[in-house]
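Residue numbers (the working numbering), protein chains in the order written: chain Y, 1 to 228; chain L, 1 to 228; chain H, 1 to 228; chain C, 1 to 228; chain Z, 1 to 228; chain R, 1 to 228; chain W, 1 to 228; chain X, 1 to 228.
Do not take every clue at face value.
What the hints assert, rightly or not - With a straight-line cut-off of 25 Å between C-alpha atoms, the simulated BS3-like cross-links for lysine-lysine are: (1) W:222 <-> R:222; (2) C:222 <-> H:222; (3) L:222 <-> Y:222; (4) X:222 <-> Z:222.
As the list claims (entries may be wrong) - Just so you have them, the derived chain R footprint on chain W, three or more residues with Cβ under 8 Å: (5) 9-18; (6) 157-169; (7) 174-182.
Keep in mind that the hints were calculated from the coordinates and are not lab data. Every residue, glycine too, gets a C-beta built ideally from N, C-alpha and C.
Number of protein chains: 8
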Amino acid sequence: MTDYAVLDISRQERIGISEAILCEGKTPQQIAGIIASADGRLPSVLLTRLSEQTFRVLPASVRASIDYDAASCTGIWGYLRAPGQNASVAVVSGGTSDFGVAREAVRTLAFHGEAADEIYDVGVAGLWRLMERLDQIRRRWVVIVAAGMDGALFIVVAGLVSGLVIALPISRGYGVGSGGYAALHTALCSCAPGVAVVNIDNGYGAACVALRALQMMRRFGKNGPPAP
Amino acid sequence: MTDYAVLDISRQERIGISEAILCEGKTPQQIAGIIASADGRLPSVLLTRLSEQTFRVLPASVRASIDYDAASCTGIWGYLRAPGQNASVAVVSGGTSDFGVAREAVRTLAFHGEAADEIYDVGVAGLWRLMERLDQIRRRWVVIVAAGMDGALFIVVAGLVSGLVIALPISRGYGVGSGGYAALHTALCSCAPGVAVVNIDNGYGAACVALRALQMMRRFGKNGPPAP
Amino acid sequence: MTDYAVLDISRQERIGISEAILCEGKTPQQIAGIIASADGRLPSVLLTRLSEQTFRVLPASVRASIDYDAASCTGIWGYLRAPGQNASVAVVSGGTSDFGVAREAVRTLAFHGEAADEIYDVGVAGLWRLMERLDQIRRRWVVIVAAGMDGALFIVVAGLVSGLVIALPISRGYGVGSGGYAALHTALCSCAPGVAVVNIDNGYGAACVALRALQMMRRFGKNGPPAP
Amino acid sequence: MTDYAVLDISRQERIGISEAILCEGKTPQQIAGIIASADGRLPSVLLTRLSEQTFRVLPASVRASIDYDAASCTGIWGYLRAPGQNASVAVVSGGTSDFGVAREAVRTLAFHGEAADEIYDVGVAGLWRLMERLDQIRRRWVVIVAAGMDGALFIVVAGLVSGLVIALPISRGYGVGSGGYAALHTALCSCAPGVAVVNIDNGYGAACVALRALQMMRRFGKNGPPAP
Amino acid sequence: MTDYAVLDISRQERIGISEAILCEGKTPQQIAGIIASADGRLPSVLLTRLSEQTFRVLPASVRASIDYDAASCTGIWGYLRAPGQNASVAVVSGGTSDFGVAREAVRTLAFHGEAADEIYDVGVAGLWRLMERLDQIRRRWVVIVAAGMDGALFIVVAGLVSGLVIALPISRGYGVGSGGYAALHTALCSCAPGVAVVNIDNGYGAACVALRALQMMRRFGKNGPPAP
Amino acid sequence: MTDYAVLDISRQERIGISEAILCEGKTPQQIAGIIASADGRLPSVLLTRLSEQTFRVLPASVRASIDYDAASCTGIWGYLRAPGQNASVAVVSGGTSDFGVAREAVRTLAFHGEAADEIYDVGVAGLWRLMERLDQIRRRWVVIVAAGMDGALFIVVAGLVSGLVIALPISRGYGVGSGGYAALHTALCSCAPGVAVVNIDNGYGAACVALRALQMMRRFGKNGPPAP
Amino acid sequence: MTDYAVLDISRQERIGISEAILCEGKTPQQIAGIIASADGRLPSVLLTRLSEQTFRVLPASVRASIDYDAASCTGIWGYLRAPGQNASVAVVSGGTSDFGVAREAVRTLAFHGEAADEIYDVGVAGLWRLMERLDQIRRRWVVIVAAGMDGALFIVVAGLVSGLVIALPISRGYGVGSGGYAALHTALCSCAPGVAVVNIDNGYGAACVALRALQMMRRFGKNGPPAP
Amino acid sequence: MTDYAVLDISRQERIGISEAILCEGKTPQQIAGIIASADGRLPSVLLTRLSEQTFRVLPASVRASIDYDAASCTGIWGYLRAPGQNASVAVVSGGTSDFGVAREAVRTLAFHGEAADEIYDVGVAGLWRLMERLDQIRRRWVVIVAAGMDGALFIVVAGLVSGLVIALPISRGYGVGSGGYAALHTALCSCAPGVAVVNIDNGYGAACVALRALQMMRRFGKNGPPAP
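Full structure from sequences and hints, please.
Quick look at the structure:
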C-alpha cells in the first residue's frame with residue numbers, strides 16, 4: 001500500500017465495476033506504485049488515459065504485464081478476459097476523430113467481458129451511412145454514441161432505436177465546438193426521449209453506464225431482483 | 001391533425017416510449033388541439049409541465065379525461081395503466097424541494113406501467129438518512145437520484161449500489177447553485193463510475209432512460225437479443 | 001421627426017430591406033411617434049416584437065392602419081403587398097413552441113413580397129415527419145429552419161437539401177437548453193456544410209438573410225452582376 | 001474503404017457541395033487512408049486544416065497529387081478546376097491576422113469553381129480604407145467578411161451593401177476577444193439586418209453558405225425553381 | 001445618521017465627485033433616512049435608479065425637494081445648478097432604447113454643472129445618420145457613446161474623433177445580445193485605440209469618467225498639475 | 001529594495017501570516033532580487049509555485065539557503081521552524097492527483113509552525129476509505145479537504161466532523177471538470193453547513209484560513225479577546 | 001415524520017450546528033409539517049429564506065411560536081437563547097443593500113448563542129469609514145464581510161485584521177455585477193491571504209463557518225484537542 | 001504597400017494617436033513588409049506584442065532601426081521622441097507580475113511624448129505601500145492602475161484620487177483569477193465612481209485612453225474647444 005493511494009478493493013463486489021486507475025496527472029512512479037500495491041489483491045486493473053509517453057517510461061517488468069492500446073491510451077494489467085462472442089453493445093461514432101475515445105469505451109467493456117460492435121464515421125451530414133447500419137445497431141441492448149461538434153447523431157439514433165442510448169460527447173472541435181460543450185448540451189437537450197449522458201471524452205464512464213445495465217440484465221433477467 | 005403539431009404516432013413501436021406533450025410554451029388551445037388529434041390514434045398521452053393554471057383553463061371535456069397531479073405538473077390523458085406490484089426503480093431525492101421533479105419521473109414510469117419506490121430528503125449532510133434506506137435501494141434495477149445544489153448524493157449513491165444510477169439535477173438553488181448547473185456538473189464529473197446524467201429538471205427524461213433499460217431486460221432477459 | 005429616433009429612409013434603396021421598428025423596449029408613445037415621422041416618407045413599416053398589450057394601448061388611429069398578427073407579435077403599418085404566388089422559401093420548425101418566431105420570419109418575407117411554405121413540428125425525434133415533407137422543401141430556394149433545445153433539425157435538413165439553409169435557434173427550453181444557446185451552438189457547429197446562422201429568436205433576421213439572397217437572384221439571374 | 005472513415009460519396013449530388021476532409025485530429029495515416037479510399041470514386045477532395053507539419057509527413061505519392069496552400073492550411077487532391085473569370089464573391093477582412101482563415105474561404109470557393117476578390121485589412125478603425133473599396137464590393141453577389149476582436153466590420157458592411165453578407169468571426173485576439181467570441185456575438189447581434197453567421201474560424205463553412213446561394217442562382221436564375 | 005448608511009461626506013473634496021445614492025435595492029424608508037442624514041451636511045444629492053414607483057411612495061416633503069426625471073430614473077435633491085452654456089460632452093446613442101441610460105449620464109453631468117449635447121438613434125446600420133452629426137461631435141472634449149446589441153457604434157466613433165471616447169454598453173437586447181455583454185465585449189475589444197469602457201447600463205459611471213477628465217482640464221489647463 | 005517589488009515587512013505583525021512570494025510569473029532574476037531584499041529584514045520567506053525548472057536556475061548561493069520540496073513546488077528560504085508535535089490540522093484528499101496542492105497547504109502550515117496529518121486518496125467512490133480514518137480526522141481543530149472533479153468529499157466530511165472545514169478545489173480533471181470549477185461550485189453549494197472555500201489550487205490560501213483560526217485560539221483561548 | 005422530509009436530529013451533536021429549514025421552494029404546508037415533526041424532538045429550529053408572504057400564510061399556531069425578522073427573512077421556532085454579552089464576531093458590510101443577508105448571518109449566530117457587532121456601509125469608495133471602525137473590528141475573533149459589486153472590501157479587511165475573515169458575496173448589482181459573481185470571484189482571488197469564502201447571499205453559511213471555528217475555541221481553548 | 005495590410009496613414013491627424021502594429025499573429029515577413037510600406041509615409045511606428053523570438057528573426061536592417069524593450073515586448077521603429085520632463089501620468093501596479101503590461105503602457109505614452117511615473121507592487125494586501133506613494137500619485141493628471149487577481153487596487157485608488165483613473169486588468173492568475181476576468185469585473189463594478197476600463201492586458205489601450213484626455217487638455221486648456 002502506498003502513502004498516496006488507497007485501492008478500492010471491494011469495488012467489484014460492491015458495484016460490479018472493477019477499480020481502474022486514471023493515469024493522467026500521476027507520475028510514472030505513482031502508477032507503478034499503485035500497480036505494485038494491487039499485486040496479489042486484484043486479478044487485473046484497467047489503466048485509462050495512459051499516454052504512450054508515460055507507458056514507455058514505466059519499469060520494464062510492469063510494462064511487460066500490461067496489454068497496451070495506443071489509440072485509446074488504455075492498458076490492462078494482469079488477467080485478460082477472453083472476449084465475449086455476442087456483442088451486447090454497439091459503439092457508434094460520428095467521425096474519425098472520435099476514434100480514440102470510442103475505443104476507450106470498447107476496451108473498458110472488454111475488460112469486463114462484454115463484446116461490442118464498432119461502427120465509425122456515420123455522422124448525420126450523410127445520413128445514409130447511419131441508415132445502412134441501423135438494423136445491426138437495433139439488435140444490441142445498449143448503444144454508445146460518440147460525437148463531437150453538433151452532436152446531432154445522438155438525437156437521430158435515440159429517435160430510431162429502442163435500446164439504452166448513451167451519449168458520449170467528444171472534445172475535438174473548434175470555435176463554439178471546442179471542448180465538446182456544444183455536443184454535451186445537444187445530448188442533454190435531446191428531443192428524442194431517454195438519452196443517458198456522460199462527461200465529455202469519458203469513454204470509460206460511458207462503458208460503465210452500459211455495464212451497470214448489463215449486469216442487472218444478466219443477473220436477474222426478465223423478472224428483476226427478488227422481492228424483499 | 002393540427003397545423004402546428006404532428007403526433008409521432010409510431011414512437012411507442014419504434015423506441016418503446018409513447019408520445020408525450022411538453023405543455024410549457026404551448027397555449028391551452030394548442031394543447032387541446034393536440035389531444036383532439038390524438039383521440040382515436042393513441043390510447044393515452046402523457047402531458048408534462050402542465051401548470052395548474054393552464055390545466056384549469058382547458059375545456060372541461062378535456063379536463064375530465066385527464067388524471068392530473070399538481071405536485072409534478074403532469075397529466076395522463078386517456079387509458080390509465082394499473083400500477084405494477086413490484087417496484088423496479090427507486091427514486092431518491094436529496095431534499096424536500098426536489099419533490100416535484102422527482103414525482104415527474106415517478107409519473108412517467110407509472111404511465112408506462114413501471115412502479116417505483118419514493119425515498120425523499122436523504123441528503124448527504126445527514127448521511128445516516130441514506131444509510132437507513134440503502135438495503136431497500138439496492139434491491140432495485142434502477143435508481144433515479146434527484147438532487148440540487150452540491151449534487152453529492154449522486155456520487156455517494158453511485159459508490160454504493162450496483163444498479164443503473166441516473167442523476168437528475170434540480171434547478172432549485174441560489175448563488176452558484178442557481179439553475180442547477182453545479183449539481184449537473186457534479187453528476188457529469190462523478191468519481192464513482194457509471195452515472196447516467198439527464199438535463200436539469202428533466203424528470204421525464206430520467207424515467208425514459210430507465211424505461212429503455214427496463215424494456216430491454218423485460219424483452220430479452222439474461223441472454224439478450226438474438227444473434228442475427 | 002422625433003428627438004429620440006432617426007428613420008433610416010434610404011435603407012430599402014441601399015440594401016434592399018426596408019426600415020423596421022423593434023418595439024420591445026420602446027414606450028407606446030415612442031412607437032406612435034416613430035410611425036408619425038414615417039408618414040409620407042415611407043410607404044410602409046414593419047413593426048416587430050410588438051406585444052398585444054402594447055398594441056392595444058397605441059392610439060386608435062395608429063392601430064387602425066396596422067395589420068397586426070398576435071402569434072408573431074408583428075404589425076405592418078401602411079401599404080400591404082399582395083402575397084407572391086410561388087413560395088421561394090420553406091419555413092420548417094421542430095416543434096409547436098417555435099411557431100411564433102417562425103411566423104415572424106414568414107411575416108417579414110410577406111412584407112417584402114416573398115411567399116413561404118410553413119411546415120411545423122417535424123423534429124428529429126420522429127424523423128419520418130420530416131422525410132414526408134422533404135420533396136416539398138427541396139423545391140425551395142431557401143429553407144429557414146426554426147428549432148430549440150438540441151437543434152438537430154438544422155443538421156439533418158442541411159445534410160439533405162441543396163438550397164440556402166438558415167438556422168433560426170429558439171430560446172424556448174429548460175436546463176442547459178434555456179435561452180436557446182444549445183440550439184445556437186449546434187447550428188454553428190454543423191457537420192453538414194454551409195449553415196447560415198442568425199441570433200436566437202431572430203425570425204426577422206433569418207428572413208432578411210433570405211431576402212438578401214433572393215433579391216440578388218431576382219435582380220441578376222444566372223449571370224450575376226455585370227463586370228465593372 | 002477504411003474502418004474508421006466512410007466517404008459521403010453522394011454529397012455533391014445531394015447538396016451541391018463536395019466531400020471534404022477536416023485533417024485536424026486525424027493522423028497522417030488516417031488522412032492517407034481516406035484519400036486512398038476516395039481514389040476512383042471522387043474526382044477531387046478538399047483537405048482543410050492540414051498543417052504544414054502534417055502535410056510534410058504524408059507519403060510522397062499522396063503529397064505529389066495535392067495542391068497545397070500553407071497560408072490557409074488547405075490542400076486540393078485530384079482534379080483542379082480552372083478559376084472562374086468573374087468573381088461572384090468578395091472576401092473582405094479587418095486585419096492582417098485574418099488572412100489565413102479568409103484564404104480558407106477563397107480556396108473552398110475555387111475548389112468549387114467560384115472566383116473571389118480578396119480585400120484585406122480594411123478594418124473600421126480607419127474607415128476610409130473600406131470606403132475606397134466599397135464600389136468593388138457592391139458589385140458582388142456575396143460578401144464574406146472576416147474579422148476578429150470587435151467585429152464591427154460585419155455591421156458596417158451589412159449596412160452598406162445589398163448582397164448576401166456572411167460574417168466569419170476570427171479567433172485571433174486577447175482578453176475578452178480571445179477565442180473569437182466577441183466577434184461572433186457582434187455578428188449575431190447585428191443591428192444591420194440580414195447577416196448570415198458561421199462558426200469562429202470556419203472559412204470553409206462561410207464559403208459553403210456562399211456556394212448554396214450561388215448554385216441556386218446559377219441553376220434557376222430569376223424565376224426560381226419550377227412549381228411542383 | 002442612520003444605522004444602515006454612512007454618507008461619504010468628503011467625497012466631493014477628495015475626488016471631485018459628489019456622494020450619490022443608488023436607490024435600487026433600498027426601501028423607501030432607507031432612501032428617506034439617508035436624505036434626512038444628508039440635510040445640513042451636503043448641499044445636494046444625486047439619486048440614481050429611483051423608479052417612479054418608489055419615488056411616488058417617498059414622503060411628500062422629501063418628494064417636494066427632489067427634481068425627478070422619469071426617463072432616466074434620476075432625482076436631484078437639494079440645490080440645482082444652473083446648466084453650463086457650452087456643452088463639453090456629446091452623448092451619442094445607437095437607438096431609441098438606449099435613451100434612459102444615456103439620460104442618466106446627461107443628468108449626472110448636469111448635477112455637476114456640465115452641459116451635454118444629446119444625439120440619439122445614429123446607429124451604424126444607417127451610417128449616414130452619424131456622419132451628419134460628426135462635426136458637432138468632434139467639437140466636444142468628451143464623447144459618451146451608448147449602444148446595445150452589436151456595439152459597433154463605439155468603434156466607428158472612436159475611429160473618427162480625437163476626444164475622450166467613453167463606451168456605455170446597454171443591456172437591452174435578446175439572444176446573445178441580452179444583458180449587454182455583446183456590446184460590452186465589443187467595446188473592450190475595440191480596434192480603434194483608446195476606448196474607455198464602463199459597466200453595462202452605468203450611465204452614472206460614464207459621466208463620472210467624463211467628470212474626472214473635465215475637472216483636471218478645468219483646474220490645471222494646458223500645463224497640467226504643478227511639479228512637486 | 002528592488003524597483004519592481006516592495007516587501008510587506010509588517011504583514012506577520014499585522015495579520016499573523018508572513019510575507020510569501022508567488023514565483024509563477026516572475027523571472028529567476030526577480031525572485032533572487034526579492035530574496036536579496038528580504039535578507040536582514042525578514043527571518044524567513046515562503047516561496048510558492050516555484051517550479052523545479054526555475055529553482056534550478058536560481059543562483060547557487062540562493063538555492064543553498066532554500067529548503068525546496070518538488071512535489072508542492074514550495075521553498076522555504078531562511079530559518080526553518082521545528083515541526084510542532086501535535087497536529088492541529090488534518091489535510092484530507094480525494095485522490096492521488098491532489099497530492100501536490102495538498103502538500104502546498106501542509107508546507108505553508110509547517111512554515112508557520114503548525115503540524116498536519118496527511119490522509120490521501122479517500123474519495124467518496126469508495127466511502128469506506130474515509131470512514132476508516134474518521135476518528136483521526138475528528139480529533140483535529142481544522143480539516144482541509146482537497147478534491148477535484150465532483151468535490152463530493154467536501155460535503156461528506158462537512159456532514160461528519162465539527163471542526164472548521166476548508167474546501168480546497170483542485171483543477172485536475174477533464175470535460176466539465178477541467179479547471180476545477182465543478183469542484184469549486186460543489187463546495188460553495190454545500191448542503192452540509194459551514195464550508196469555508198478557497199480558490200482552485202490555492203493550497204497556500206487554505207492553510208492561511210487555518211492559520212487565522214488557529215492563532216486566534218492560541219492567543220486568546222476559551223474566553224476570546226478581552227472586552228475593550 | 002413527514003413523507004417529504006427527514007429531520008437531521010443528530011446534527012447538533014455531530015457537527016455542533018442545529019438543523020435549519022431552508023424555506024424557499026417549500027410550500028407553507030411543507031414548512032408547517034416539518035415544524036410539526038420537530039416538535040418534541042428538537043428544542044428549536046432556525047427557518048431561513050422565509051418570506052414575509054409565506055410567513056403570513058402559516059397556521060396561526062405555528063406563527064405564534066416563531067420569532068420572525070422580516071429584514072433577514074429568518075424565523076426562530078421554539079426556544080430563544082439569551083444573547084451573549086460579548087460579541088465574538090463583527091459583521092461588516094459595504095453598503096446598505098447588503099443589510100438583509102448580513103442580518104441572516106447575525107440571526108444565525110444569535111440562534112446559536114453568539115453575539116455580533118454590526119457595522120454597515122463602510123465600503124472602500126470612502127475608505128475612512130472603515131478606518132474609523134478598525135479598532136473595534138480587530139477586537140473580534142471572526143469578521144464576516146458582506147459586499148456586492150466589486151467586493152474590494154473583502155481584500156482591504158483581510159489585509160488589516162488578523163482574525164478569521166469570512167467573505168460573504170452579495171447578489172445585488174447590475175451589469176457584470178449582477179448575481180454577485182464579480183464579488184465572489186474577488187473574494188476567491190484575494191491577494192490578502194486567508195479569506196474563507198461562502199456562496200453568494202449565504203449569510204447562514206457564513207455564520208456556520210464562524211460557529212465551527214468558535215466552538216473549537218470554546219471547547220478546547222489554547223491547547224487544542226487532546227492527543228489520542 | 002502590401003497585399004495583406006493597409007496602413008492607416010491619417011490616424012494621427014484624425015484621432016491624435018499614431019498607427020501601431022500588433023505583431024502577435026503576424027509572421028516576421030508580414031511585420032517587415034508593413035514596416036517597409038511605412039517607410040517614407042510615417043515618421044515612426046509603434047510595434048506591440050513583438051516577442052523577443054520574433055524580433056530576433058526580423059531582417060537585421062529592420063532590427064537596427066527599432067528601439068526594442070523586451071520586458072514590454074514593444075519596439076519603436078523610426079524617430080524616437082525625447083522624453084517629456086514632467087510626468088503627466090502615474091502607472092501604478094499591484095504586483096511584480098504586472099510589470100510587462102504596465103511597461104507597455106509606459107512605452108506607448110513615451111512614443112507619443114508623454115512621461116510617466118512608474119510605481120510597482122503596491123497592492124492592497126499591504127495597504128501602507130500605496131499610502132506612502134499617494135501624494136505623488138495625486139499630482140498626476142491621469143493614473144493607470146494595473147492589477148490582476150482581485151483587482152481591489154482599482155477601487156482603492158479611485159476612491160482616493162481625483163484624476164482620470166484607468167483600470168488595466170492583468171491576465172496573470174490562477175483558478176477563478178485565470179485570464180484576468182475577475183480583475184476586469186472588479187474594475188467594471190467599481191463602487192468608487194468613474195473608473196475607465198480597458199481590455200485585459202491592453203497596456204497599449206490604457207495609454208491611448210490617457211492620450212485622448214491629455215491631448216484635449218494640451219490643445220484647448222481650461223476653456224475647452226471653441227464654440228461653433
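Comparing the hints with the structure gives:
no.: 1; hint: W:222 <-> R:222; verdict: 7 Å, holds
no.: 2; hint: C:222 <-> H:222; verdict: 7 Å, holds
no.: 3; hint: L:222 <-> Y:222; verdict: 7 Å, holds
no.: 4; hint: X:222 <-> Z:222; verdict: 7 Å, holds
no.: 5; hint: 9-18; verdict: holds (count 4)
no.: 6; hint: 157-169; verdict: holds (count 9)
no.: 7; hint: 174-182; verdict: violated (count 0)
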